[in-house]
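K.L.:
The sequence shown runs 4 to 339 under our numbering.
Hints are computed from structural coordinates only; laboratory data are not their basis. Note that the structure is predicted; figures quoted are calculated from it, not measured. Where is the CB? At the ideal position from N, CA and C, for every residue including glycine. A hint or two may mislead.
[Said to hold, decoys possible] Simulated restraints, written as ranges between beta carbons of each label pair:
#1 339 / 63: 16 to 24 Å
#2 299 / 78: 41 to 49 Å
#3 108 / 293: 21 to 29 Å
#4 246 / 92: 36 to 44 Å
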Amino acid sequence: MKTASLLALAVAVALGGCGGTSPGASTNAPAQTAGSTTSTSAAGHPASPAALHVRVVARGTLPAPVQLPAVVATGGGTVLALGGLSSADASVSDVVRLAPGTPRVVGHLPVAAHDLGVAALQSKAYAFGGGTASGPIDTVTTVTPSGAAHVSGHLPVAMSDTSAATIGDTAYVIGGYTTTTPLRSVLAIRPGHATRDVATLPHPLRYAAVAAIGGRLLIAGGTDGSNARREVLSVDPVAHRVKVIAHLPAALGHAAGAVLGGQFLILGGRGDGLTSQRATIWAVDPGTGRLRRAGRLPVALSDLGAVTASSDRVLVAGGRDATGRVYDELWTLGAR
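Let's have the full structure, built from the sequences with the hints guiding it.
P.N.:
Now the structure itself:
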């Protein structure tokens, strides 16, 4: 299947006044992170991956079972989950506030969607594309911490299966899938500025676990359109460099990414089979690429959402197990 770079498409994305696509370097500000099937927020304190052990420290319940929620921390303790798929395998439009307080629906997306990429910018959530009942969409949706949502722009092409993360004042949309083409692009989006294609992945990528830490994008696994991948990639959006820093023991897609203790966490996921869900939590040292087991989820899940809610806590929401059951669980993970 033919692959494409978003830069080659040469179409502008409109996001609060963004102009046409042009190459260039992004800011190298301190990292905040957010992810696709997964999403993440602020990085924690450095720790050895060998010493990092992750466990469930609290449990809660979502308003309804959901898989593929786009989860993001917008600051001030607010964490939102956007869209996803219901137990009936239908796209949902719910904007759910996971924290602070009891999880509840606080708004709705303009269009019910799943497989959104989401990132936090200017204390708001920005959702990129997504899958709907009629196929991928090209919208950029801004969601306030109170749950109000509106379309604020458009992507170069309609796409779903993306991941996203934030570094400083720039959001990065990683990979994805159009109606026909898996993507290799890393697209930088900054409100009021031109949209740029800042790196090209070594292969097309969908459903990857993503986080940002130390001014780099960390990308684990995902699928290339046909098969799950093992690579853990580090992307420097300023130098436009992509390198492999580790390999997972087995191919893994549909996992979630987060940051805890200065480490990149890869939570759950599955291989190429629909019933090959995993419970392992892996930790990758972003400096050395050392990979260690850091813990286990209570249940083997794929298509879960995750976000770093604070320096010492990760929230995990929803997901799907090997039987096809969709979960309404909300777990808080911490290190010990």
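K.L.:
Determine for every hint whether it applies to the structure shown.
P.N.:
Taking the hints in turn, this is what the structure says about them:
1. 339 / 63: 16 to 24 Å: Since the Cβ atoms of residue 339 and residue 63 sit about 20 Å apart, the hinted range of 16 to 24 Å holds.
2. 299 / 78: 41 to 49 Å: With Cβ atoms ~30 Å apart, the hint is violated.
3. 108 / 293: 21 to 29 Å: At 41 Å between Cβs, range violated.
4. 246 / 92: 36 to 44 Å: 37 Å, holds
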